[in-house]
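> As given, the protein sequences belong to chains U, R, G, L, Y, F, W and D, one line each in that order.
Numbering of the first sequence is given in this note's numbering, commencing with residue 1 and proceeding in unit increments.
Numbering of the second sequence is given in this note's numbering, commencing with residue 1 and proceeding in unit increments.
Numbering of the third sequence is given in this note's numbering, commencing with residue 1 and proceeding in unit increments.
Numbering of the fourth sequence is given in this note's numbering, commencing with residue 1 and proceeding in unit increments.
Numbering of the fifth sequence is given in this note's numbering, commencing with residue 1 and proceeding in unit increments.
Numbering of the sixth sequence is given in this note's numbering, commencing with residue 1 and proceeding in unit increments.
Numbering of the seventh sequence is given in this note's numbering, commencing with residue 1 and proceeding in unit increments.
Numbering of the eighth sequence is given in this note's numbering, commencing with residue 1 and proceeding in unit increments.
Careful, some of the hints might be misleading.
Across the chosen pairs, the derived CB separations fall in these ranges [claimed, not checked]: (1) R:66 to L:141: 33 to 39 Å; (2) L:50 to D:78: 56 to 62 Å; (3) L:148 to Y:141: 50 to 56 Å; (4) R:63 to F:67: 42 to 48 Å.
Under 7 Å between C-beta atoms, here's a sample of chain W residues computed to sit facing chain Y [as the list claims (entries may be wrong)]: (5) 13; (6) 35; (7) 37; (8) 39; (9) 51; (10) 95; (11) 96; (12) 97; (13) 98; (14) 197; (15) 217.
Bear in mind the hints are in silico, worked out from the structure with no lab data behind them.
Source: prediction; values computed, not measured.
Quick reminder that beta carbons are idealized off the backbone N, C-alpha and C, glycines included.
8 protein chains.
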Amino acid sequence: MTWNPNDTASNARPDLDRHLRKGVPEVVIAERKTVEQSLDIARRFLQATGRAILSRVPADLEERLRSEFEAEAELEWLPGPRAAVLRSPGHADENHGRGGNVGVITAGTSDIACAEEAALVCREMGCVVHTAYDVGVAGLHRLWEPLRHLLGEARVDVLIVAAGMDGALPSVISGLVDVPVVGLPTSVGYGLGGKGEAALLSMLQTCSPGMAVVNIDNGIGAGAMAGLIANRMAAARQGRIGTSG
Amino acid sequence: MTWNPNDTASNARPDLDRHLRKGVPEVVIAERKTVEQSLDIARRFLQATGRAILSRVPADLEERLRSEFEAEAELEWLPGPRAAVLRSPGHADENHGRGGNVGVITAGTSDIACAEEAALVCREMGCVVHTAYDVGVAGLHRLWEPLRHLLGEARVDVLIVAAGMDGALPSVISGLVDVPVVGLPTSVGYGLGGKGEAALLSMLQTCSPGMAVVNIDNGIGAGAMAGLIANRMAAARQGRIGTSG
Amino acid sequence: MTWNPNDTASNARPDLDRHLRKGVPEVVIAERKTVEQSLDIARRFLQATGRAILSRVPADLEERLRSEFEAEAELEWLPGPRAAVLRSPGHADENHGRGGNVGVITAGTSDIACAEEAALVCREMGCVVHTAYDVGVAGLHRLWEPLRHLLGEARVDVLIVAAGMDGALPSVISGLVDVPVVGLPTSVGYGLGGKGEAALLSMLQTCSPGMAVVNIDNGIGAGAMAGLIANRMAAARQGRIGTSG
Amino acid sequence: MTWNPNDTASNARPDLDRHLRKGVPEVVIAERKTVEQSLDIARRFLQATGRAILSRVPADLEERLRSEFEAEAELEWLPGPRAAVLRSPGHADENHGRGGNVGVITAGTSDIACAEEAALVCREMGCVVHTAYDVGVAGLHRLWEPLRHLLGEARVDVLIVAAGMDGALPSVISGLVDVPVVGLPTSVGYGLGGKGEAALLSMLQTCSPGMAVVNIDNGIGAGAMAGLIANRMAAARQGRIGTSG
Amino acid sequence: MTWNPNDTASNARPDLDRHLRKGVPEVVIAERKTVEQSLDIARRFLQATGRAILSRVPADLEERLRSEFEAEAELEWLPGPRAAVLRSPGHADENHGRGGNVGVITAGTSDIACAEEAALVCREMGCVVHTAYDVGVAGLHRLWEPLRHLLGEARVDVLIVAAGMDGALPSVISGLVDVPVVGLPTSVGYGLGGKGEAALLSMLQTCSPGMAVVNIDNGIGAGAMAGLIANRMAAARQGRIGTSG
Amino acid sequence: MTWNPNDTASNARPDLDRHLRKGVPEVVIAERKTVEQSLDIARRFLQATGRAILSRVPADLEERLRSEFEAEAELEWLPGPRAAVLRSPGHADENHGRGGNVGVITAGTSDIACAEEAALVCREMGCVVHTAYDVGVAGLHRLWEPLRHLLGEARVDVLIVAAGMDGALPSVISGLVDVPVVGLPTSVGYGLGGKGEAALLSMLQTCSPGMAVVNIDNGIGAGAMAGLIANRMAAARQGRIGTSG
Amino acid sequence: MTWNPNDTASNARPDLDRHLRKGVPEVVIAERKTVEQSLDIARRFLQATGRAILSRVPADLEERLRSEFEAEAELEWLPGPRAAVLRSPGHADENHGRGGNVGVITAGTSDIACAEEAALVCREMGCVVHTAYDVGVAGLHRLWEPLRHLLGEARVDVLIVAAGMDGALPSVISGLVDVPVVGLPTSVGYGLGGKGEAALLSMLQTCSPGMAVVNIDNGIGAGAMAGLIANRMAAARQGRIGTSG
Amino acid sequence: MTWNPNDTASNARPDLDRHLRKGVPEVVIAERKTVEQSLDIARRFLQATGRAILSRVPADLEERLRSEFEAEAELEWLPGPRAAVLRSPGHADENHGRGGNVGVITAGTSDIACAEEAALVCREMGCVVHTAYDVGVAGLHRLWEPLRHLLGEARVDVLIVAAGMDGALPSVISGLVDVPVVGLPTSVGYGLGGKGEAALLSMLQTCSPGMAVVNIDNGIGAGAMAGLIANRMAAARQGRIGTSG
């Protein structure tokens, strides 16, 4: 998009071709924008790429999305992360399900909304997502079965592990598995450190090498990182990236 | 000790009978005092109670303790926490081994000095201390055997679990056992939160109810709390505290 | 509960038998969940164990709890911590009052809601709870009488001391008594450190050994820790745990 | 002192007549200056006012102070706060002992150096200082006698209470006395909040009105505040400030 | 008030005679209590002392105070700090205006509510309060006149200086005057440190000795400290405290 | 290793087969251990696996490593991270150079030691490491060439980007490339946030999706994460992991 | 304005001639004041200077501004920063457009409101403001064109660069340009450091010399700093400040 | 400098032509580099530009700089900031003294080293620097004369104001002058906030618009910002930048 100093119609200059350049679609975080800004950006993405993804959509924007794009796009709505995917009728999502396998685990039920935001990004990147929610750390016996499933049958290439409170689950899992782990701390907890800081710090201090983290509640970032890893692996398996190495 | 506004000989007014009042002996934290202050306080305790316990003893104080009390007391030295116990020859430690059973676990080798400070306090309170060091969280398989031993044969009434870095081990253990756990964070870790803050916060955020914590590296506090719990249980078992309840 | 990757009915996988394994019942912290999630979990606990405990219940959930479980369960409501206990008619609480004696003290009136959450957990663990509220530190004369009662007639095995602001009361009490103290900081105070951080830090720095703490406003954690200590003591006194030690 | 942009001999421009303007002498905090800067400033004060006060004097400066001012001034040395007072032989300290009565209390022995810095400032302001060190909070019984002495016979107009760790003592005392209290937190403690932050926060959150605080280890500031209060009261009693009000 | 373990009517145990013991009346901070708790405590104070002081009164409590005490007490209302003073008709405030002189200064208009809370406490302690609001630091020329008035004609014994943002004003004033200064930081400012932390820290770091501080927005604490200082000075001037010193 | 409660010879229980289980070798962080502990653990790894890796080796340990293992192992020394690799003569490192391609970039020269620690871990995992140091952000023109080389000829599967100070480089790079980026903040900077906190926070806040971070100066963690990603990709390319996905 | 201790009509004492003294007009930050305070101050400025500038105007104040000043002033309204400029009909803004050239850049759309507050201040100081919004850092290609325009044709003397999240853009730009840069962090971001702290810290740590910063969201401060720089340059170019130097 | 992946001789890739691009010379902060790295970079700058500037030079590097460059360059040494400027004999500093006028003020003597680092950068940018040190805020009377000199005779275009502790001086000065102010906080102070955080925060919260800040002790950054402002003004005055605006 050419920059025009006299174009006062809209100030937003969305990165419309990030998906092509990076393989990661841009997700509009609507809670930080006015309703008009979000609608404008959504419209641009829809026109340019046939798809627009929005997350953390306030109630009034949700309503506008449903009414204003009714004619031109199909809307998929995720109530947990309050996310919306608009798709033009002609939009052929040719990559759908052709990407890598991603596993998404949460420690508790309160971490699910955040995990679903990550899963959404992965799916929009073409990944196949396998989930296991509420496996706890205060009762490790609940962990074995799902973990065996994800690493066995589901053959995930990377794990996203979401946890709030003590943030211990990602460390425990990272000590047990041989795939890279993306730690996703959530803003769940008590008093000191209870907005996710304790969980984030604990993950940053993990004794189990093979894990890196994103910021608190940043499901989008966790999904993008995991999606990039998984898709590159899928490409390698499918012979789409070269044989050296 | 009567307070005398004209007594300028020494400013220290140690709590000589805390052991009687509380069942917890006072431990002199020498790193916060001048050598002369520490020697003076040690001497008073030795005279009044037949025992003086010092921890975090700097090298110059260690030397003085060894030379100055040679005639009048026996010195026990713990290199890890740099702790010293001076005992008058006639000091009959009648409670020795009559207290409760305390288990002390560490996540790594770097946590051992701190754990030994806690164990020392418990032992001086008469407890029998059972230890299992370096059981990790980045490899949970190392945890089962020691835990089974402590809860089974050793029949501990309370567990002290020391951990730095992610501080995940106490939460994991607390989710598995039915005895109260005292979390002891240690000042071991990387960058942000690496002076024990991450470990402390993670323990304060534990998902596993049945744990309370002391401050970073506060082995003395952890030992005192665990010792009080274990000794009261021992007294109950031995019929030394009443039958109501 | 067997984990089923295809079970999309509900994501929550509550730890239904923690009470058996740990002796501590699970308390659902409703403010972190959607109303539907909380109702679903409550229903599962009610079916599996005959009891469901929820705390920090929002107004809309309270209404739903009252209406939806009217037929199948009796509801006990605590307005302070906004906690609810649902009990199946046939639920025989055989442990009621057979546990240990727990004392609960608060520094001010603003700490009472939090203290009542702790007391609730203790009572649901079978403990007998003795309370003394608003005993202050800015007027220590108000402290002697209640303390004498709790340690004398009431023979408590452990004290929970809740305080906000300067958090000084638990340290003062811990210096006077010979039972273990669980410090419970509350989110009451002025400006810097006034969301309970000052109280928590002060308790973590206590000069009086024999105290451990839980996080700010974590009445559930304080209750679980104290309940485990008191009940094990009661079991020892009643000869329900062995005679060694 | 007239400012001269071409005077490159020395950059320091000490506030030589603060004592006259404010009634509080300037104390040179030597640890923040080069040895030469400190010596230069000391010399200027000695010449202009007949007295120079330095605190936190490093070993090399101490030596220089002893050797270089031997001929022209008398040196008083306080080993605790490593403070030095240089006095010209002809310096008539006419206010000595004519000021108000100040009480200085410490919780532990580690707080004494800091308290002595405060006491020094008060004495140099002409106050009579009464001290009671190591009165503890983990054993309140040690507190009554000294407090009775300070408020009774010694008739102090203001109390400085120094404490590290939990910082609880000033709150406890402020709840008991009817004179203003200056809280002086010291950098003594464990891990989180252990450089005096916990003590400072706890004092800032005091439940006992009638206390204000200075920064951690700021004995000079505590002494100046208390000295101003006490001296104005002495002046009022001696009829040196008017009768209105 | 005798403590009664069976008195379940009310949990609050207000410190009814603090005014006698300390010379500082208790101010009920209503925002931390339920409406019923506040009303109950107000009633007790009114009955026991003829006066009840409440601050930070929510709208619903204000209404209740106005309606429920209409018959038995006169209500004085300060809209800034939302404070209320209830006085029994027969309440003879014999100390009114007999106390010391207190000066109250604010840097900006946003600091006035907080300053008025401090002034209220002083007045209820019998002090005469002189105010100068919005004297700024970003334009020091506005400062000279008010300061001259307060120290000259008004002869204040102590200054309360309230400031948010950079918190520079108290330091500037403390460098100019010879009376003790109580720094009162307010929760006004931008981004980092803007809830009063910058102002508090800056005051704690003051270069101008002769100042101590209270916590952010703690007008009550500032008023109590200043009132104690001023009243003792008034008593000294009026010969109500002895002649020694 | 079987746990033996009576084995008091050594407390360390190193995770000797982590390399087999996780594909990541254990690196002994020597600065957190005593010299004897480090030597003991090194010896065990050497015996069990033919290799021992130590990092942050203090001077005295370096000397001991050189002298004590002279006969039995070959020592490779990296002066930047002060890391040592001991290899038994017979140790056949069959994976050497068979792993994936990892790119390591630093913003400045001060970040190199940390980057080399990461590179060491990758190489010990069998990766081929390509580096580009000191490419700056305060002069982006220095960035293009190295980046083109790494993504082009070197075909890296993952990038580690180390930066201190503003931590901006990883975000800038992540916005330009289509491989996953591991952000490695280093403890380089000024005053506030200058121990790596600013760099870490900036990376956690990245606008460029496709990046996750490890803690400050945690080169080992960054290397392990990148190594796992790259090696799994290499395995996929080499057909060593299955064809599904 | 002469200070009058008996003037109780209004407490606000606005700095009416700051514009003359400093060249920077006072902006009333309405969110920190009551509606009545804001109206009163606005009226005073309007009368004294013919102009009043208010920012962060709450909805109820906006309404009052529109209705009450309808007759006497023209209102300009900026919806982004919710700012209002009231101008008396006869107000001749002779400096309009005679000041320097200021460039204002934002990283994202969420930073625009804050940038517009800065631009408003510059314009009211007579500057010509050139803007380029949403130029990103996660796609540097969007940056070149606007930057070329601002430094080329627009000949700006100073740049304000607003960014939230990672705050990387100002560092990147400062490394490329030869005009001073004012960094303006905004309160946009995720979890830890996400209220603008990460952006602020990152800017404070910039590797690119030639930048200074203001506090988070402080558009007014950024505008004033940039306006002073640009206007002095304009004056120099126009020969309005002397020829020395 | 062309990037060469095979050039392993040195990893440092200094930004040799920043001076040309930005007008700000690169200053090597030696404390963050090894002695060899610093020497290598110094040599490159000397060869490429005829000048090398290093700051915070450790004692061993100082010695090496003196001995190794003796033949080829002249060394200027500033003991305060421990800074060195190496100049090739043939180095013609044609800009010397042709830049703008910069004023540098410090609050205390402890701030001088930092201020001299800033002044050094300005001078190396060709500015004329005027200084006024130790003008205090705890005695504002010391401020008038120097300020009058700097703004009058010296005609400075910009002021750098360095202050530690309360950081109040820059706000006070910014409220009085009509030139832009660069606030330079220094790491001088007591306890909480005493490493310069209080000073930095206070400056970030300034009530006096027209000031921006750099990080704690970042004299280099302050000098670069002020130098850019002053030199552009000098260029404007000298007609070296155009007449528009």
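> Quick check on a hinted range of 56 to 62 Å for residue 50 (chain L) and residue 78 (chain D), using CB atoms only.
violated (36 Å)
> Should the hint that residue 96 (chain W) touches chain Y count as held when the rule is a Cβ pair under 7 Å?
violated (25 Å)
> With chain Y as the partner, please determine if residue 35 (chain W) meets the hint condition of a C-beta pair closer than 7 Å.
violated (12 Å)
> Holds or violated: the hint that residue 97 (chain W) contacts chain Y, with Cβ atoms closer than 7 Å.
violated (27 Å)
> So the hint says 33 to 39 Å: do the beta-carbon atoms of residue 66 (chain R) and residue 141 (chain L) match that?
Taking Cβ atoms as reference, residue 66 (chain R) and residue 141 (chain L) lie about 34 Å apart, which means the hint holds.
> Is the interface hint satisfied for residue 51 (chain W)? The criterion is a beta-carbon contact with chain Y at less than 7 Å.
For residue 51 (chain W), the interface hint is violated, since the closest Cβ of chain Y sits about 18 Å away, which is over 7 Å.
> Minimum Cβ distance from residue 197 (chain W) to chain Y below 7 Å?
holds (6 Å)
> Can you let me know if the beta-carbon spacing of residue 63 (chain R) and residue 67 (chain F) is within 42 to 48 Å?
violated (29 Å)
> With a cut-off of 7 Å, does the beta carbon of residue 39 (chain W) approach a beta carbon of chain Y closely enough for the hint to hold?
Residue 39 (chain W) check fails; min Cβ-Cβ to chain Y is 12 Å, beyond 7 Å.
> Under the criterion of a CB-CB separation shorter than 7 Å, is residue 13 (chain W) in contact with chain Y as hinted?
holds (4 Å)
> Going by Cβ atoms only, is residue 95 (chain W) closer than 7 Å to chain Y?
violated (21 Å)
> Would you check whether residue 37 (chain W) satisfies its interface hint, that is, whether its CB is within less than 7 Å of any CB in chain Y?
For residue 37 (chain W), the interface hint holds, since the closest Cβ of chain Y sits about 5 Å away, which is under 7 Å.
In summary, the numbered hints that this structure violates are 2, 4, 6, 8, 9, 10, 11, 12, 13.
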